[in-house]
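*Asks:* Chain order of the listed sequences is A and B. Using the working numbering, the letters of the first sequence correspond one by one to residues 1 to 115. Using the working numbering, the letters of the second sequence correspond one by one to residues 116 to 228.
I should point out that these hints are in silico values taken from the structure, not numbers from a laboratory. In this text, a Cβ means the ideal position worked out from N, Cα and C, and glycines have one as well. There could be a bad hint or two in this list.
To be verified - Below, simulated SDA-like cross-link-like pairs (lysine to any residue); rule was C-alpha separation at most 25 Å, straight line:
| hint | chain 1 | residue 1 | chain 2 | residue 2 |
| --- | --- | --- | --- | --- |
| 1 | B | Lys-172 | A | Tyr-33 |
| 2 | B | Lys-172 | A | Gln-57 |
| 3 | A | Lys-102 | B | Gln-132 |
| 4 | A | Lys-73 | A | Gln-57 |
| 5 | A | Lys-102 | B | Ser-188 |
| 6 | A | Lys-102 | B | Asp-153 |
| 7 | A | Lys-102 | B | Lys-129 |
| 8 | B | Lys-186 | A | Lys-78 |
| 9 | A | Lys-102 | B | Val-228 |
| 10 | A | Lys-78 | B | Ser-122 |
| 11 | A | Lys-102 | B | Glu-130 |
To be verified - Just a sample of chain B residues kept apart from chain A, beta carbon distances all over 12 Å, derived:
| hint | residue |
| --- | --- |
| 12 | Gly-117 |
| 13 | Pro-123 |
| 14 | Arg-128 |
| 15 | Glu-130 |
| 16 | Asp-145 |
| 17 | Gln-156 |
| 18 | Arg-159 |
| 19 | Leu-160 |
| 20 | Gln-221 |
| 21 | Arg-224 |
| 22 | Val-228 |
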Amino acid sequence: AQTVTQSQPEMSVQEAETVTLSCTYDTSESDYYLFWYKQPPSRQMILVIRQEAYKQQNATENRFSVNFQKAAKSFSLKISDSQLGDAAMYFCAYYYPQGAQKLVFGQGTRLTINP
Amino acid sequence: DGGITQSPKYLFRKEGQNVTLSCEQNLNHDAMYWYRQDPGQGLRLIYYSQIVNDFQKGDIAEGYSVSREKKESFPLTVTSAQKNPTAFYLCASSIRAPNTEAFFGQGTRLTVV
């Protein structure tokens, strides 16, 4: 079964600094999708970034980028120039578009931004 | 505006009662999901449906039931068999295609009193 693990329950960073959130996953498939979602205090889930496993190039969205290591089954999120509005829970998620087609989430990392 | 709507936002239930959480979407999405969120445990999948009149159990389906009679609707019933139902419940939907993004409702906070 596919599983997603986020080993950092909490992280903190100084405003304007860079922080990296870790995510590992377990799968025997080769074509799948990985996501990072943000959940601010409002609890509304927001997609931050998406990565297709067949693409070697790491996805980037403005200040957010990923380090996708397929062989290591690792999918970390880097936030550059951290802003106060980045404070939230961050969830890593995995999706395989065949078979069960479940969207599976990790346990989450709570990110605090220190002014 | 297109979106996914959960209601109510807050729900209180007496022990031994069944309660139904509503989830409606007008995004024309085929797939819909129900998750439970507890502190420190992330989002755990309860049930999901890829097509009308079909649904599958997720990782923590015991004590819950769903139906998918319409594409737009995927209600979740929390039965009296669910031993610890107090939690935050999130509904999501997505298209059945690669490169899909899941859209989430605003959630329902269920409290057993």
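*Asks:* Compare the structure with each hint and give your call.
*Replies:* Status of the hints after comparison with the structure:
Using a Cα cut-off of 25 Å, the hinted pair Lys-172(B) and Tyr-33(A) holds, with the two alpha carbons roughly 21 Å apart. A threshold of 25 Å between alpha carbons decides the hint, and for Lys-172(B) with Gln-57(A) the separation of about 35 Å lies outside it, so the pair is violated. Taking the CA atoms of Lys-102(A) and Gln-132(B), the gap is about 29 Å. The hint is violated against a cut of 25 Å. A threshold of 25 Å between alpha carbons decides the hint, and for Lys-73(A) with Gln-57(A) the separation of about 15 Å falls inside it, so the pair holds.
Taking the CA atoms of Lys-102(A) and Ser-188(B), the gap is about 18 Å. The hint holds against a cut of 25 Å. A threshold of 25 Å between alpha carbons decides the hint, and for Lys-102(A) with Asp-153(B) the separation of about 19 Å falls inside it, so the pair holds. With a C-alpha separation of about 32 Å, the suggested pairing of Lys-102(A) with Lys-129(B) is violated against the 25 Å cut-off. Taking the CA atoms of Lys-186(B) and Lys-78(A), the gap is near 37 Å; set against the 25 Å cutoff, the hint is violated.
With a C-alpha separation of about 32 Å, the suggested pair Lys-102(A) and Val-228(B) falls outside the 25 Å cut-off, and the hint is violated. For the suggested pair Lys-78(A) and Ser-122(B), the alpha carbons sit about 35 Å apart, so the restraint of at most 25 Å is broken. Of the pairs offered as hints, the one joining Lys-102(A) and Glu-130(B) is violated, with about 31 Å between alpha carbons and a cut-off of 25 Å exceeded. For Gly-117(B), the requirement that its beta carbon stay farther than 12 Å from each beta carbon of chain A is met, with the minimum near 15 Å.
For Pro-123(B), the non-interface assignment is confirmed: its Cβ lies about 14 Å from the closest Cβ of chain A, beyond the 12 Å cut-off. The beta carbon of Arg-128(B) is kept farther than 12 Å from every beta carbon of chain A, the shortest such distance being approximately 20 Å. Chain A leaves Glu-130(B) outside its interface by the beta-carbon criterion, the shortest separation being 25 Å against a cut-off of 12 Å. A cut-off of 12 Å between C-beta atoms contradicts the statement that Asp-145(B) is not in contact with chain A; the least separation is 10 Å.
Not every Cβ of chain A is farther than 12 Å from the Cβ of Gln-156(B); the closest lies at roughly 6 Å, contradicting the non-interface assignment. At roughly 8 Å, the least C-beta separation between Arg-159(B) and chain A is not larger than 12 Å, which violates its mark as non-interface. For Leu-160(B), the requirement that its beta carbon stay farther than 12 Å from each beta carbon of chain A is not met, with the minimum near 6 Å. A beta-carbon of chain A comes within 12 Å of the beta-carbon of Gln-221(B); the shortest separation is about 6 Å.
A beta-carbon of chain A is positioned within 12 Å of the beta-carbon of Arg-224(B); the least distance is around 9 Å. Non-interface call for Val-228(B) relative to chain A: holds, since the shortest CB-CB distance, roughly 21 Å, exceeds 12 Å.
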